[in-house]
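Trainee: Now for the letters of each chain:
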Amino acid sequence: MTRPALLDVKDLTVRFRTPAGRLTAVDRLSFDIAAGETLAIVGESGCGKSVTAMALLRLLRSPPAEISGSHVRFEGTDLLALSERAMRDVRGNRIAMIFQDPLSALNPVRTVADQIIESLKRHTGLRGPALHRRAVELLDLVRIPEPQRRADDYPHHFSGGMRQRVMIAIAIAANPRLLIADEPTTALDVTVQAQILKLIVSLQKEFGMSLLLISHDLGVVAETADRVLVMYAGRKVEERPVADLFARPLHPYTRALMRARPTPGLRRELLDEIPGIVPSLADLPPGCAFAPRCAHADETCARLQPVLEGVGGGGSVACLHLDRLAGEKPRAPVLEGVPA
Amino acid sequence: MSAPVETPALEVRDLVVSYNTGRGPLSAVDGVSFAIRPGETLGLVGESGCGKSSLAKAIVQLVEPSSGALKVEGHDITGLTARERRALRPKVQMVFQDPMGALDPRQRAGTILETPLKLNGVRGKAERRARVASLMEAVGLRPEFIDRLPHEFSGGQRQRIGIARALALDPAVIVCDEPVSALDVSLQAQVLNLLRKVQRETSVAYLFISHDLSVVEHIADRVAIMYLGRIVELAPRETLWRAPLHPYTRALIEALPRIDPGASRIADKTIVGGDLPSPFAPPKGCRFHTRCPIAVARCAIDAPALSDAGDGHLVACHLASGAVPAPNASAALQPA
Ligand SMILES: Nc1ncnc2c1ncn2[C@@H]1O[C@H](COP(=O)(O)OP(=O)(O)OP(=O)(O)O)[C@@H](O)[C@H]1O
Ligand SMILES: Nc1ncnc2c1ncn2[C@@H]1O[C@H](COP(=O)(O)OP(=O)(O)OP(=O)(O)O)[C@@H](O)[C@H]1O
Ligand code: SF4
Ligand code: SF4
Ligand SMILES: [Mg+2]
Ligand SMILES: [Mg+2]
Numbered sequence: 429m430t431r432p433a434l435l436d437v438k439d440l441t442v443r444f445r446t447p448a449g450r451l452t453a454v455d456r457l458s459f460d461i462a463a464g465e466t467l468a469i470v471g472e473s474g475c476g477k478s479v480t481a482m483a484l485l486r487l488l489r490s491p492p493a494e495i496s497g498s499h500v501r502f503e504g505t506d507l508l509a510l511s512e513r514a515m516r517d518v519r520g521n522r523i524a525m526i527f528q529d530p531l532s533a534l535n536p537v538r539t540v541a542d543q544i545i546e547s548l549k550r551h552t553g554l555r556g557p558a559l560h561r562r563a564v565e566l567l568d569l570v571r572i573p574e575p576q577r578r579a580d581d582y583p584h585h586f587s588g589g590m591r592q593r594v595m596i597a598i599a600i601a602a603n604p605r606l607l608i609a610d611e612p613t614t615a616l617d618v619t620v621q622a623q624i625l626k627l628i629v630s631l632q633k634e635f636g637m638s639l640l641l642i643s644h645d646l647g648v649v650a651e652t653a654d655r656v657l658v659m660y661a662g663r664k665v666e667e668r669p670v671a672d673l674f675a676r677p678l679h680p681y682t683r684a685l686m687r688a689r690p691t692p693g694l695r696r697e698l699l700d701e702i703p704g705i706v707p708s709l710a711d712l713p714p715g716c717a718f719a720p721r722c723a724h725a726d727e728t729c730a731r732l733q734p735v736l737e738g739v740g741g742g743g744s745v746a747c748l749h750l751d752r753l754a755g756e757k758p759r760a761p762v763l764e765g766v767p768a
Numbered sequence: 233m234s235a236p237v238e239t240p241a242l243e244v245r246d247l248v249v250s251y252n253t254g255r256g257p258l259s260a261v262d263g264v265s266f267a268i269r270p271g272e273t274l275g276l277v278g279e280s281g282c283g284k285s286s287l288a289k290a291i292v293q294l295v296e297p298s299s300g301a302l303k304v305e306g307h308d309i310t311g312l313t314a315r316e317r318r319a320l321r322p323k324v325q326m327v328f329q330d331p332m333g334a335l336d337p338r339q340r341a342g343t344i345l346e347t348p349l350k351l352n353g354v355r356g357k358a359e360r361r362a363r364v365a366s367l368m369e370a371v372g373l374r375p376e377f378i379d380r381l382p383h384e385f386s387g388g389q390r391q392r393i394g395i396a397r398a399l400a401l402d403p404a405v406i407v408c409d410e411p412v413s414a415l416d417v418s419l420q421a422q423v424l425n426l427l428r429k430v431q432r433e434t435s436v437a438y439l440f441i442s443h444d445l446s447v448v449e450h451i452a453d454r455v456a457i458m459y460l461g462r463i464v465e466l467a468p469r470e471t472l473w474r475a476p477l478h479p480y481t482r483a484l485i486e487a488l489p490r491i492d493p494g495a496s497r498i499a500d501k502t503i504v505g506g507d508l509p510s511p512f513a514p515p516k517g518c519r520f521h522t523r524c525p526i527a528v529a530r531c532a533i534d535a536p537a538l539s540d541a542g543d544g545h546l547v548a549c550h551l552a553s554g555a556v557p558a559p560n561a562s563a564a565l566q567p568a
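Keeping their order, the protein sequence lines are chains C and R.
Heads up: the first sequence is residues 429 to 768, going by the numbering used here.
Heads up: the second sequence is residues 233 to 568, going by the numbering used here.
Honestly, I wouldn't trust all of these hints.
Stated by the list, open to error - Facing chain R, according to a computed beta carbon distance under 10 angstroms, are these residues of chain C, among others:
| # | residue |
| --- | --- |
| 1 | E472 |
| 2 | P573 |
| 3 | Q576 |
| 4 | D580 |
| 5 | M590 |
| 6 | D617 |
| 7 | V618 |
| 8 | K633 |
| 9 | P669 |
| 10 | G693 |
| 11 | E697 |
| 12 | L699 |
Unchecked claim - Only some residues are given here: those of chain R computed to face chain C with a beta carbon under 8 angstroms:
| # | residue |
| --- | --- |
| 13 | S386 |
| 14 | G388 |
| 15 | S418 |
| 16 | Q422 |
| 17 | R428 |
| 18 | V447 |
| 19 | A487 |
| 20 | I491 |
| 21 | R497 |
No lab work stands behind these hints: they were computed from the structure.
We put the beta carbon where it would ideally sit given N, CA and C, even for glycine.
Please model the entire structure based on the sequences and the hints provided.
Mentor: In structure tokens, the structure reads:
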């Protein structure tokens, strides 16, 4: 047997009822994360990254959302089967989340120390003066300069980067096992973005957390993740160890995404465009969702939906023409959801 | 690279943009100079609040500069009467970051493109129609899209309309303020390619503004790096990327996420610390000294001048060896 995964998601599906009809935002998604590991989910806007994260924590309002799946097993417990009350204990305590926009997640009329203390009270046994002391320690840990003095400031006194640091302090206050970071640096400047990512990764090491990092930026993913899951239109199209994915992407969408991105130092007159636009989730083509934009598509692709197939190194890819694309590379059999 | 012999499409000299705010005066652009040749792209990179959009708005006359000169195809527009200025306005166009916010939601694509033609004296209806059709073709929009409203387009298609509108009056310069920042990678590539094709065909000059150095490195011929209202380095694209001289430029390049998981991991990178200082109280001396890893005592006292390090490579740093103060006048590429 292999080591048990901290999080094991099997066939997670999220549908929304909308005036325009029912759409499937996340379609039979399976993945797992081992203790201490970083899995990145990458994909373009609307592919279902945030909905996946929200569904794991059962934060989606239902209706309009309908969540189904075989299981979302975390530390051996199926989160889909938990009562709302038991779920509240998991949230913020065993699994914490940080969002893209720290300002909307922070309470503007309470000091940052108060907001960290609230998390400490809810999730730890600390009481009395130890709470404030720990809050200052946490601010120091996330590298807020002069934490003692800044603890009693309000969020609007902080820059965007400092607010994200405060959010991280709140998130790690309870010593969670899994940190979900949904585009944690997208709204920040390049230098601050790199500071925050570095901070998250160093805290992850220090606390032995697992990290689910959600990003649309292949560069961020390449520098941070152990494994990468590429999503397109609600479905996983490729999942590989980070080195394999970037050395030899297999799915046509992953390849196209990499070639569409400017590569500093390698100037091309024109970038390789991906023609067309992402299809509407309410109106997906019957076969492969990428078929209308894929350079390798043929009439089979328009009819048949590809299923995930194992490739070497514990990766998997969903493409009907994988043989052709993978070339001579031998493929190892893989069972979905079981880490190799 | 030698100084251009032709008249620059755009010349900006000692431009200052200040705002009177509730918290006091703020100089968002503090003495910026550069020139762009016809058919050339100057990239402008800097972090949030450094003054990129303020500079852009001053160039397209959406804000009044406090001082400095602006020349379009050699005509000084700062010294003109309102009427003379109006005549030159079509020469400088702008493409915005948010294509939805920049388009009137009730106007159909055809009307959006026809309006500037109408306002600028293209009288014949047939002539306008033909021009609209050719603009739509130039930006890759199908003719039947002419009656669509902005919300019926994708983000990338809306940005195409924004570009077509900017092209309508044969501008000398288009100021592109974060034109692809709101777009996904796949649409980004489409719009970047379109901008390049348009430039090859029309020889329009671009001032291309972005916070993303990798996008600018792709599209620009020369790149200017801005920090707190000032240009700290300006160099040909390749030089800036391979041999950056300013510590801030080096910090930006180091911070850029790279696709090389074997060699480039965030945990191993050295990232410059600190946040941007408040623009209301910019640091004395070199504005970067509060974050600069190699600052010396002098940096907190003297502001370094933008100086020529050779071959059109300008840098403002006391410790950038080889940089000599730029001589007066001469090359349009250099500040006075
Ligand atoms: N409450 C909702 N009702 C209906 N559709 C929704 C709802 N929330 C999300 N969706 C749809 O689900 C799809 C996935 O959205 P999601 O927010 O997960 O995308 P994302 O990958 O996080 O994109 P981004 O990179 O823009 O954050 C989108 O098409 C979105 O419009
Ligand atoms: N109309 C205004 N009134 C007062 N201050 C302004 C105004 N417009 C901009 N500023 C201030 O001027 C400075 C420069 O702003 P500007 O928008 O030019 O920066 P930017 O480089 O474009 O930033 P971003 O990358 O966030 O778009 C900022 O401190 C900003 O708050
Ligand atoms: S299944 Fe067909 S359309 Fe889909 S990615 Fe593979 S080749 Fe392209
Ligand atoms: S002048 Fe001094 S502080 Fe400024 S960039 Fe150069 S070394 Fe750093
Ligand atoms: Mg999202
Ligand atoms: Mg701006």
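Trainee: Determine for every hint whether it applies to the structure shown.
Mentor: Status of each hint after checking the structure:
1. E472: holds, 4 angstroms
2. P573: Hint holds; C:P573 Cβ to chain R Cβ min 8 angstroms, cut 10 angstroms.
3. Q576: violated, 19 angstroms
4. D580: violated, 20 angstroms
5. M590: This interface hint holds because 7 angstroms falls under the 10 angstroms limit.
6. D617: holds, 4 angstroms
7. V618: holds, 5 angstroms
8. K633: C:K633 check passes; min Cβ-Cβ to chain R is 8 angstroms, inside 10 angstroms.
9. P669: holds, 9 angstroms
10. G693: At about 6 angstroms, which falls below the 10 angstroms cut-off, the nearest Cβ of chain R leaves the hint on C:G693 intact, so it holds.
11. E697: holds, 7 angstroms
12. L699: holds, 4 angstroms
13. S386: holds, 5 angstroms
14. G388: Hint on R:G388: holds, closest Cβ of chain C at ~7 angstroms, below 8 angstroms.
15. S418: Where the cut-off is 8 angstroms and the nearest Cβ of chain C is about 4 angstroms from R:S418, the hint holds.
16. Q422: holds, 5 angstroms
17. R428: holds, 6 angstroms
18. V447: Holds - the Cβ of R:V447 comes within 8 angstroms of chain C, reaching about 6 angstroms at its closest.
19. A487: holds, 4 angstroms
20. I491: Holds - the Cβ of R:I491 comes within 8 angstroms of chain C, reaching about 5 angstroms at its closest.
21. R497: holds, 6 angstroms
Hint check: violations occur at hints 3 and 4; the rest are consistent with the structure.
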